[in-house]
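**Q** The lines below spell out each chain.
Protein chains: 4
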Amino acid sequence: MNCDFDNNIPIYIQVVKWLENEIISSRLSPGDKLPSVRDLANQFQVNPNTIQRAYREIEQKGLCHTRRGMGSFVTDDKVKIKKLLDEFVSKEISDFTDKMSKMGLSDFDIKKAIEQYLNKGEIND
Amino acid sequence: MNCDFDNNIPIYIQVVKWLENEIISSRLSPGDKLPSVRDLANQFQVNPNTIQRAYREIEQKGLCHTRRGMGSFVTDDKVKIKKLLDEFVSKEISDFTDKMSKMGLSDFDIKKAIEQYLNKGEIND
Amino acid sequence: MNCDFDNNIPIYIQVVKWLENEIISSRLSPGDKLPSVRDLANQFQVNPNTIQRAYREIEQKGLCHTRRGMGSFVTDDKVKIKKLLDEFVSKEISDFTDKMSKMGLSDFDIKKAIEQYLNKGEIND
Amino acid sequence: MNCDFDNNIPIYIQVVKWLENEIISSRLSPGDKLPSVRDLANQFQVNPNTIQRAYREIEQKGLCHTRRGMGSFVTDDKVKIKKLLDEFVSKEISDFTDKMSKMGLSDFDIKKAIEQYLNKGEIND
DNA sequence: GTGGTCTAGACCACA
DNA sequence: GTGGTCTAGACCACA
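These protein sequences, in sequence, are chains A, B, C and D. Residues 986 to 1110 in the numbering used here are what the first sequence spells out, letter by letter. Residues 986 to 1110 in the numbering used here are what the second sequence spells out, letter by letter. Residues 986 to 1110 in the numbering used here are what the third sequence spells out, letter by letter. Residues 986 to 1110 in the numbering used here are what the fourth sequence spells out, letter by letter.
Note that these hints are calculated values from the structure, not bench results. Among these hints, one or two may not hold up.
[What the hints assert, rightly or not] Straight-line Cα separation of at most 25 Å, SDA-like style, residue types lysine to any residue; simulated pairs:
{"#": "1", "chain 1": "D", "residue 1": "Lys-1097", "chain 2": "C", "residue 2": "Tyr-1102"}
{"#": "2", "chain 1": "A", "residue 1": "Lys-1096", "chain 2": "B", "residue 2": "Ser-1079"}
{"#": "3", "chain 1": "A", "residue 1": "Lys-1087", "chain 2": "B", "residue 2": "Ala-1098"}
{"#": "4", "chain 1": "D", "residue 1": "Lys-1065", "chain 2": "D", "residue 2": "Arg-1052"}
{"#": "5", "chain 1": "B", "residue 1": "Lys-1084", "chain 2": "A", "residue 2": "Asp-1071"}
Construct the entire structure; sequences and hints are all you get.
**A** This is the structure in structure tokens:
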């Protein structure tokens, strides 16, 4: 994240996305404590209210639960997390291939472009 | 597009993206007349001011020019359009693979997932 | 309502309850425009943000939808409204009779007490 | 009670309500020893300070008195308890019928709904 | 320390 | 005019 918010999207939405990302990618595990509202506000240099709103949203989605005075914790529902991960990956793939198709790339072009991009990375490493 | 705007992003920005897309994908060719502000406002069911603003933006980017009383026309600068297309494709590919990597997919996983998705489409067609 | 909030319950929750009440009791009909955020804030003498939060909650519950720049409108889903009314009435009745039972009143006592209370009203009118 | 607190109301207030309820319903009789602060804190899984505060409140209302080293005891003032019971019942009845009226139920509807609800219980028992 | 609510007020998007 | 986001900062509930 590194605080580089897109100015055209509400900050709290971007924080929601970031938190969901942390959870479904397992960088935060079930039961883990999320950073405190104040800490994250400080880290991202935004108002605590903005962070709080983001936390409220992901709590409503059932991705975490809050214990007053103690903090917020990632849900223990591993099935839910897995399902969200699968949905996320599927959606990204279909969005990506759709965009490429609209730009005139054939399926073959798409596969080739991906492979070239990934191989380039391998050589660089 | 189909008028399904994301409520969290200014509509004029989404219209800009849509117009750029039309141009760099060659659905609108160099020299083609863009739809009139009124028509597009009507089609997207938004305020003409919003479309106006989008047109102003892509004109500033040099993607179109306006001729008084005649309308707006796609730039004739094919090199510029081609360059934008290449940049767009590169950016989408790197964004996509980055997201997949962050979700824990290896390069091999990514290629496989793409292939599966594309093959599925072939069978269905 | 008349602005007499219970100090022990968050104001926005009380506003949510009030709005739900207006809708399920049909004092506001499907499609009706809700008061503007600013107007209601003024009427209840609370901060617009507080009212906005209440509106956000009932929108999430599907009781209204918001059109930017135009206002919020009661949902057209009459079935949903009817269902909520039925649930509300059932819950109030069971809560009420439970409380009365816990206070030692028999079913007969409860019926009698209700009748006496209602008849008293009739005579007074 | 069963520890299912409403998160939107201070817990100590909910404990006060619960204790008053125990007393005016005669589940706790005049002179009876109230549970110790620690026991109740343990039973409700809340901080002892919270229970302490609730006890202070009902002591101020004259519903119990504390004897150093012995615990808290329900007041012996039966008249006071009876009066509170009557007030409670009256208030609940008028609140209930008011709510039902606001939902558009006539007096007849209210009586009928109560009777149906109570009869249903009888059959099930 | 940690979360929750609320206010006053700024500024933006859209009609 | 109408809704939406955000900030700075106060004050409360709970551990």
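**Q** Compare the structure with each hint and give your call.
**A** Results of checking the hints against the structure:
1. D/Lys-1097 - C/Tyr-1102: 15 Å, holds
2. A/Lys-1096 - B/Ser-1079: 13 Å, holds
3. A/Lys-1087 - B/Ala-1098: OK: A/Lys-1087 and B/Ala-1098 at ~20 Å, within 25 Å.
4. D/Lys-1065 - D/Arg-1052: Answer holds: D/Lys-1065 to D/Arg-1052 is near 20 Å, not above 25 Å.
5. B/Lys-1084 - A/Asp-1071: 13 Å, holds
Going through the hint list in order, the structure satisfies each hint without exception.
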